[in-house]
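Join the two chains into one complex using the hints; note that each chain is given alone, in its own frame.
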Amino acid sequence: MSRYVPPVQGKASQLFDVIVLVVMTLGALFVPLKMGLSGAAKTVAAPMENPTWEMLGQSPAQASAYEALGYTPESAHDLILARFDYSFTIGGLITMIVVILLYYVLMLKFSGTEYREVIAEKFDRR
Amino acid sequence: MADFDITSDKMDGMGPHGTKVGLLRVLGPAHVWALGVGIVLVGEYMGWNFAVGKGGAYAALIACWFAGILYTCVAMIDSEVTSTVAAAGGQYTQAKHIVGPLMAFNVGLYLTFAYTMLEAANAITAGYLISVVATMTGYDGVLDQRPFIILAILFLAWLNYRGVLATLTFNLVITAIAFAAIIIIFLSTSGVLGNGIVHHAELMAGQAALPYGWIGVLAALHFGLWYYLGIEGTTQAAEEVRSPARALPFGTLAGIMTLLIAATLTWYTCTGVLPWEYLGDGVNGSVAPLFDTARLSGSEALIWLLGIGTLFATLASANGCINDASRAWFAMGRDKYLPGWFGAVHPKYRTPYRSIIFLVPMALIFALGAPLDQVITFSILSGLLEYTFMPLNIIMFRKKWPMGTIKRGYEHPFHPIPAIALLALCSVTFFAVFLGYGTQLVAMIGFYILVSLWFHFWRYRFVNRGAQFTMPWPKPEGY
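Protein sequence lines, in the order shown, are assigned to chains A and B.
FYI, the numbering used here numbers position 77 of the first sequence as 77, with every residue one higher than the one before it.
FYI, the numbering used here numbers position 125 of the second sequence as 1125, with every residue one higher than the one before it.
The following block holds chain B by itself, in its conformation from the complex (with noise of 0.2 angstroms):
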């Protein structure tokens, strides 16, 4: 048996650490569900649009679907292992069980940069949003929006210092009000209440059909992403949930439903009123799609609900990304992989406080220092790099502890099927960043090689061997 408990509220779970103070278990599978679509939603309000930018809105829509079979994959692989490893860190600690220390450490390093870009994004478009609100109300210069920027980083991480259940509950409500914003629009422009504004014939015909022929529906891919990007980032909460077998495989399977209809609803009703060349371009022309949707739709109540519901994304997902990245973070300071320093938890808030405030400045750097298409790529590239672990891990996970074995929270079905569509459309997409963005995506893979090795012949000297491997297991098959 373990030396650890799980389930213990006086001790932190799942590390070799035994301190007194651990991560509360405050959480239900809402929570959850709003750690997900929070996160993710946002990429509805913003970002999904270069898709139409590289390959047009038949592309996008294409990209849009193929990348909901990627990610109900990664739904379904990840609702089984992180209802059986449920740990602080996710993807990080089934990694350190499953396949390696060192696959660990990169796992933790893809969340942590996957979030922390994500949430530069975030800030980059609620400063984006104010400056419009500012001129739509009269302001005739050219507003700051750093100030902005920096002011939403810097609630939000205060926020999360606080506490898990306050900041996710804001998130609950928040995130709810922003998808209730994007089935108004809907119902608004496609003619099911009141007049229709969509016009996807006029809009889409000729050229305005595959700009790129069939070579921009694969560059499109990348940003199919976008649309989903952050829902494996439910697992972040598992040390968190009262329930993890129950509330970690709900949650996600949830959010990844709400997701696809979310996706759709918004490819439908902004394709079917902006030009899909301004549509594509979401950094000189469409920032934020929906919102630039209310205002041609001529309705003052629209233009203000998805006004609201861009900030509420924004701040819903930049939430939660702090959430998970300074929780992968944490994870990786409590086992040593990097200085021990970052493995504390507050004494009285109960979170993981020194990861939470080290991440700031990182966020901020980018934010400020970055345009918004290369951040979303820097947060894709690592997500997608995630992605390709998953099926390696599921599969690993299957081998060494063979149905029967241990006792799983959620068993996902069609096994290894997922895993292998997974690891296909992950070499699709893969192609589809090297269409636009290969030195990027060399520089960043350079960039992991680098880190192993320092991690290997360095840093993982300071690790405890046995110790790091926590779960209540048996041996695995083939050791």
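If we strip away everything but chain A, and leave its shape as in the complex, we get (with noise of 0.2 angstroms):
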């Protein structure tokens, strides 16, 4: 096989390329979380008016707890009564699914070739 000779990269050309990939990188980190879309958050289903330790479902040695790190049962409201939703739909999953398989499968397939070249360089040139 034919040796490949890659071309020489300008500086120019090497910024730029580092450029985007900065641009992606920030693009997939920040987009959803300024969108609102990063998930995760917890809410208060049933908000208590004038809250005790009791009302709150704690027991004794929690309430301690509380008061010990500096808590009224006033500030440790939201803290003790937020709850995360764990409800999802299938069709949320099974998009998770086909997307994750559609990578590996790109990475593998794409990989595959690439790997083929390089071991035909390698090893049938000598």
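Please keep in mind that the hints were generated in silico from the structure rather than gathered at the bench.
By construction, the Cβ of each residue, glycine as well, lies at the ideal position given by its N, Cα and C atoms.
Careful, some of the hints might be misleading.
Cut-off 25 angstroms, straight-line C-alpha distance, at most; resulting in silico cross-link-like pairs (DSS-like, lysine-lysine) [claimed, not checked]:
1. Lys1475(B) / Lys1407(B)
2. Lys1399(B) / Lys109(A)
3. Lys1399(B) / Lys1475(B)
4. Lys1475(B) / Lys109(A)
Some chain A residues judged to face chain B by a derived CB distance under 8 angstroms, without partners named [unchecked claim]:
5. Asp17
6. Met24
7. Gly57
8. Ala61
9. Leu69
10. Glu114
11. Val118
12. Ile119
13. Lys122
Residues of chain B placed beyond 10 angstroms of chain A at every Cβ, according to the derived structure [said to hold, decoys possible]:
14. Leu1154
15. Leu1165
16. Asn1195
And the structure:
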């Protein structure tokens, strides 16, 4: 197999590649955050007026631990009552599975093609 | 035979580069242990407690051991492959030789992002800790944490810039102190020494036991990874250890054993003292659970010890993360997977100095611009993608070079059971991530698909084909 000779990349082109990569990285990480799609937010389903430790479902041991940490029933109200919502749709789950599988299939297919080329050039030109 | 000498101290060893200045081979097994445990131990000081918030204290314990099995598989697989492919870049270089260039590029990015995000999370925690100490010592305003975050990252980057031996010796000392602090608080609060203050039965009774039921246990698996995330980073030292075949398996396997002990002791100590809702909220509640546990112990000495332990753990982790992320970035630059400018070694300090400097602003952007749980999630997601690659990697490795065809530094037992177990555990963890952070998961994989297309159709043209295969191995079977 003939040896592949890569082109020499100029400094401007190298800089451009770095910028593209950085922009894609920041986009992937910050766009969901900025669009409020980051998920995992907890909510309080039923807020309480004038809560007490008993109303918040806290045992004496739990209440005394909160007090030692500097909390009152009012200031601990949201912390204690907020819950995650784990409901999900089958459509969402299937989308995630498809995206993950697609990603790995794409990866292995393209990698396989490139790898054959590497092995051929490394071992077949001797 | 290969054109390059892995043991040379004059060449940069593995690359098709032939530069006269390479990375220094100065590290021993203790440094490998310090690198692995140093990166991860902060996971016991902060972050793991999000698992409590996801499913309660028992769920966090199940997640701790589930993730422990996952990482034991990771350590076994990694020890075999990396003791055979001993080069900077770790799993990136493994993927390059075993799976193919595009997979290698992705793995290099997983490593860089997992470690850079972890570094950012560490800096956030260090800033928080300093603000708490300021309050405890009488400061009554709201301390601006940003200067401390910036200083921590800059100081550690400078340390990394100056040399790997000093960097990892520093890590060895502060990691040992942080680990000792966990043992001491466990002994002090559990009743082994003096009167115990743990009340598991009272704090975990009733709805506190499993507040979300079994779905909460599944959800907790997401943050269960945080107990150990980064142990695979030991492989990044491969090109700088004196004896890769001995030091890497020894350091990695000793590291995972240390972490299994530390994680279980941490869970026991914190869940016995802190209410689960407070413990589980790592943003508005307990940012640093072991430190908070020490505060409730009433012991001034424990408060100081755990304060120092937390600070040391965050610094050790950030330090190791800078080391590992820069090696992965450097290795990709050296192979022209990234602009070749990043592939330079400092002429005096023999460190990948350009990669170290370049990643500093990236870490700062995440540390100053995103909340802790999101930063941790991004790190975990990159780690999870990497762990999913590992079983594929080892199965291909054994298939292409069956036992006896090449010399392995370490052969992991029971193959392919660890690989299959790891793949199954990763699948369950993907579902756990989906339960709370499905959008980030899809966004992140969308990003990797996009950069993969960019690499395959554009960037790969600058890469030498055959010359990037640098191991002195025979032709793989089936090719």
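Verification of the hints:
| no. | hint | verdict |
| --- | --- | --- |
| 1 | Lys1475(B) / Lys1407(B) | 14 angstroms, holds |
| 2 | Lys1399(B) / Lys109(A) | 17 angstroms, holds |
| 3 | Lys1399(B) / Lys1475(B) | 12 angstroms, holds |
| 4 | Lys1475(B) / Lys109(A) | 20 angstroms, holds |
| 5 | Asp17 | 6 angstroms, holds |
| 6 | Met24 | 6 angstroms, holds |
| 7 | Gly57 | 6 angstroms, holds |
| 8 | Ala61 | 3 angstroms, holds |
| 9 | Leu69 | 6 angstroms, holds |
| 10 | Glu114 | 4 angstroms, holds |
| 11 | Val118 | 5 angstroms, holds |
| 12 | Ile119 | 5 angstroms, holds |
| 13 | Lys122 | 4 angstroms, holds |
| 14 | Leu1154 | 19 angstroms, holds |
| 15 | Leu1165 | 30 angstroms, holds |
| 16 | Asn1195 | 15 angstroms, holds |
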